[in-house]
Amino acid sequence: MSDAKLLTPKTSIHTQSPRTKRRNAAETRFKVFGMIAISIGLLMLVALMGTILSKGIGAFQQSFITMEVELLEAKLDKKGNRNLSDIKKVTTFGYTPLIKNAFAKAVKDQGIETDLKTKDMAKMLSKSAAAQLRNVVIDNPQKIGQTIKFRFLANSRIDGYLKGRVSRESIANDKNVSVAQLDFADQLLKAGVLKKTFNIDFIIGADASDQRPEAAGIGVAMMGSLFMMLVVLGLSLPIGVAASIYLEEFAPKNWITDVIEVNISNLAAVPSIVFGILGLAVFINYMHLPQSAPLVGGLVLTLMTLPTIIISTRASLKSVPPSIRDAALGVGASKMQSVFHHVLPLAAPGILTGTIIGLGQALGETAPLLLIGMIGFIASNMPTTIGEGLLSPNSAMPAQIYEWAKRADPAFYERAWGGIIILLVFLVSMNTLAVILRRRFERRW
Amino acid sequence: MPLTWLVLILLTLVGLGFILGRRRALRSANGDARLLHSRPHFYGANVALSTLVPSLGVLVIWLLLQPVLIDRSVSHMIPPEMVPADTTLGLVMSDVRRVAEGLDVAVARGVMSERDSNTLRTELTDLRARLGEVGVALGQDVRPEVLSAAQSYRRLSHAGTMGMTLVVLAVAIAGFGFSLIQSRKEFRARNVVERGILSLLILAASLAILTTVGIVLSMLFETINFFGLHDWRDFFFGNTWAPNFRGESELSILPLLWGTIYISLIALFVAVPVGLFAAIYLSEYAGPKTRSFAKPLLEILAGIPTIVYGLFALLTVGPMLAGLFGQGGALGVSWMAGATSVLTAGLVMGIMLIPFVSSLSDDIINAVPQSMRDGSLGLGATQSETIRQVVLPAALPGIVGAVLLATSRAVGETMIVVMGAGAIAKFSANPFDSMTTITTRIVSQLTGDGDFSSPETLVAFALGLSLFVLTLGLNVLALYIVRTYREQYE
Amino acid sequence: MFDAPTIGSTVELQDSKITASGVHVFYGDTHAIKDVNVNIAAKTVTAFIGPSGCGKSTFLRCLNRMNDTIDTCRVEGNIHLDGEDIYDRRVDPVQLRAKVGMVFQKPNPFPKSIYDNVAYGARIHGLARNKSELDAIVEKALRRAALWGEVKDRLGAPGTGLSGGQQQRLCIARAVATEPEVLLMDEPCSALDPIATAQVEELIDDLRTRFSVVIVTHSMQQAARVSQKTAFFHLGHLVEFGDTPTIFTNPSDERTESYITGRIG
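Residue numbers (the UniProt record's numbering), protein chains in the order written: chain X, 1 to 445; chain R, 1 to 490; chain H, 1 to 265.
Please keep in mind that the hints were generated in silico from the structure rather than gathered at the bench.
Certain hints may be false.
Unchecked claim - For lysine to aspartate or glutamate, the following EDC-like pairs were computed, each having C-alpha atoms within a straight-line distance of at most 16 Å:
| no. | chain 1 | residue 1 | chain 2 | residue 2 |
| --- | --- | --- | --- | --- |
| 1 | X | Lys143 | X | Glu68 |
| 2 | X | Lys21 | H | Asp253 |
| 3 | H | Lys131 | H | Glu150 |
| 4 | R | Lys426 | R | Glu250 |
| 5 | X | Lys89 | X | Glu73 |
| 6 | H | Lys106 | R | Asp374 |
| 7 | X | Lys31 | R | Asp234 |
| 8 | X | Lys335 | R | Glu250 |
| 9 | H | Lys43 | H | Asp243 |
| 10 | X | Lys88 | X | Asp139 |
| 11 | X | Lys175 | X | Asp186 |
| 12 | X | Lys100 | X | Glu70 |
| 13 | R | Lys289 | H | Asp82 |
| 14 | H | Lys152 | H | Glu139 |
These numbers were taken from a predicted model, which means no experiment stands behind them.
Given only the sequences and the hints, what does the whole structure look like? Please build it.
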């Protein structure tokens, strides 16, 4: 008794001993480390999102120069018979003078004084300006001879100037734009000829060659992603559900089942690029499926997504209590009937949630797509039929973003960040859908 | 497209089979479904499945085998001495296929008659120009042996497709007829159908195995080809990575492995402490409110595609680091030559792995039984003492498993290193150096213009296989550790 | 010393180690403990009995503020240890728990060696200046827990490798090694077989000479065997508190009688 007293002298619990103070200080330090860690994580999230938004939002706006263009019959349809094949023979070179004239006229009408030559003015337009005009004329030959109001894309340097990316200092070594042109752009801006507005073509349009960042859009790549996701959904959901039902409900507990299970959890952690190699070797080199086709991309992503879907499907099957199965078996249903009539419907919300999350992963995946050739070309044609959508070469959203990030012109970087915003909007909507589904249908047993 | 038609015919048979099978069974019971062994739709399903499954199986197998068999028999037609010295048989075969496809297109467009296409002679026609007209561009003029090989390739393909159509239809009709005759009231349709469905389920489950086998085989064959062309000792033990498309390349995995490991180490150095402390804070200290807000936010970080991190490394972190440590940078140290470096990729990868480590560790820390915390707290330990001396040691195996999984993720990560790490293979301890990794090289060797049978391209498969083996080892080990850990507290 | 002449719920103040008055405990909206007044005497074994969910464990956990670890738990009323309010703002629960140790229902040895398990408390509270003092503390605690003979040759073996009864005695050794003044035991034998239970009960009787022991138990026989004082809880109320023989032979409340005779519970 007395030695115990020696070791812990009777102390008041209302006063902290020095040792307790030290220990509490250590406690506080430890807790602060935790807070710092959380803050670092959240800070990174904020930094990432901030960067994406601040750099990418500009892609949704574009600078346009609006002018009245006189579609001279003498230039565009010399025979005057509005024969489409004749009109098509006039190349973009035939349209360039019209644009130059229109520019000169606009300058005169607005009373802008400038020393800039018309040739240099026209260079401020996108390289696709003439093609833009030509497409409109080919679609509406009856407009030849009229004067129409037309909105031309300004080239990426002028666009960058309006967005603050290009300044008089930064163009010192730039052959594509001069200080005089920027001065002139200021005048045009004041006159309202040059304007920055929302640019729907970025969202629905096609990619453009690396000379024309201002015309590049992500729409076609979006279709590529859509078709890939259709393939992934159409294959991985039924196969994944079938595999899970077997493993969870029917598989005997033996080494084969064990091997399959270990195999599936390992497949879920295999680097995605390995699936790309598999796709290249099997689907393209062996089966000779077309390169760059969304079908192949979809197949590769299916193999990649399957383990994820199987794992989540098994979890939701497992969460259905055995009593449900017993109840069905008890009234004389076969095992198969009890699974398909009772267990599967009850597990459906969970399966759906897992599938959406798996699709989200597949949608953002890039590495395997690089290997099966979904980069390196300009995705310019909107697919018109399902077959074409699946088989004709296309890009996908993340591959398109990578493609833009690789190009030399910084104007494409804005496109890349903008593409990420669109990609993230898709991912966030899919995940929100998954969360809503889970909240709405989740059952607690 | 005959394949589409074939599938459509099959589907029609299936639909028809369902209706007829059901009706026939009912008729055998004089319309009284109660007299049937199984419910009527099982009889229909039996006919439908018997029609579809065997025929579809035959179709798939045929589609898989036909190209190999045709390739093999056609490649016999090209004598080895006809293969030019600078290429391989594989390249000649791909020429043959292109010409064959070109002829197909030409016939389909009506530019050439079917008979013409089979009797064409290179001496008489400029085939390259004629195919160019229909949009099939050929790299060089067609040699006579290639054309004749292409012609027999086409003949075999046509014969094969024809044979396939006939066989598949025959199998389908046989299944249809046989199962329809079976559809009488005493037939145990449900049992048969359920057995059929079960085997389909098994088939789906074994696809996972098939994928793994596919991964291993596809890489193994090409790797063996690679080692036939390149010394395996140089690959595993050399010290230089210098691909040269004119030959004489030095292709050693070691410098790439070093880059991979170095970047992964930096990533883990960032992710493990931050992720672990975040998990500790969330599971031990944070109130339900903080938890419900911080945890999903951290998980967003995990859901962001790697291309986003890659772009972040390339356009934000890289230039920022270069601005600090580069030439004329804010610190005036000139340590960094460009924006891409081990540090750039490592830091960004670390950010990516934070939520991965934290959510895995969170699960693992939560699995430590509360009674253990109570025991420590009941003795008068502070919370941090409890965590450091009781919870973490108890959770250690699980945390080790989580870190191994994170390592495997880091080693296999592609986009961040492709965009942030650089392309120079070297042994260097300087984190500001640009270095390259296994995954980066796989991408660049396979997306380059090199031909598909050169060692410079094939090395990608050897790299891929090494990567697969490496990550597989890490995963198996990690999953094993985590599993034994979980069982300990269940 | 034991069998102190006390009647009803009044205990001589100088004998009281812990006094609780007007204690209410809430879990969120649930009112778990309702107006409990009890005095725990020094060097006595006090048993809390009652049917499941009656609040006896909850109340026990209030005595060393283990309830602090549950977010939704709220305690009202006064609990004094040696005349000092343990829910005072100045109190550090860590220091309190060094004085009021606890042994839990399920044996919960740490995933460490037997030695480290026992030395744990002494280490965190800095009770030993050097290795030999620590060795002495460990040995003494293990001896008190009647475990020394069984484990002295394998102190480095993991504590989790012991049998259930040994594990629980290890946990008791771990608790007594920090030299607490009060030892709270929450159904310490519920996970043990009869032989191990007998060993632990014997141990509790020994411990009484040095500590105040409060034991929550499901088994009335156990309460009768080991305790001098018994408190009967029912639906969050302290129904009756008094000398163990009185409670078991001549309870004043009919609920106590019903419980003891097995009609409720």
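Here is how each hint holds up against the structure:
no.: 1; hint: X:Lys143 with X:Glu68; verdict: 13 Å, holds
no.: 2; hint: X:Lys21 with H:Asp253; verdict: 48 Å, violated
no.: 3; hint: H:Lys131 with H:Glu150; verdict: 22 Å, violated
no.: 4; hint: R:Lys426 with R:Glu250; verdict: 13 Å, holds
no.: 5; hint: X:Lys89 with X:Glu73; verdict: 14 Å, holds
no.: 6; hint: H:Lys106 with R:Asp374; verdict: 11 Å, holds
no.: 7; hint: X:Lys31 with R:Asp234; verdict: 51 Å, violated
no.: 8; hint: X:Lys335 with R:Glu250; verdict: 60 Å, violated
no.: 9; hint: H:Lys43 with H:Asp243; verdict: 14 Å, holds
no.: 10; hint: X:Lys88 with X:Asp139; verdict: 10 Å, holds
no.: 11; hint: X:Lys175 with X:Asp186; verdict: 19 Å, violated
no.: 12; hint: X:Lys100 with X:Glu70; verdict: 11 Å, holds
no.: 13; hint: R:Lys289 with H:Asp82; verdict: 37 Å, violated
no.: 14; hint: H:Lys152 with H:Glu139; verdict: 8 Å, holds
Violated hints, listed in ascending order, are 2, 3, 7, 8, 11 and 13; each of the other numbered hints is respected by the structure.
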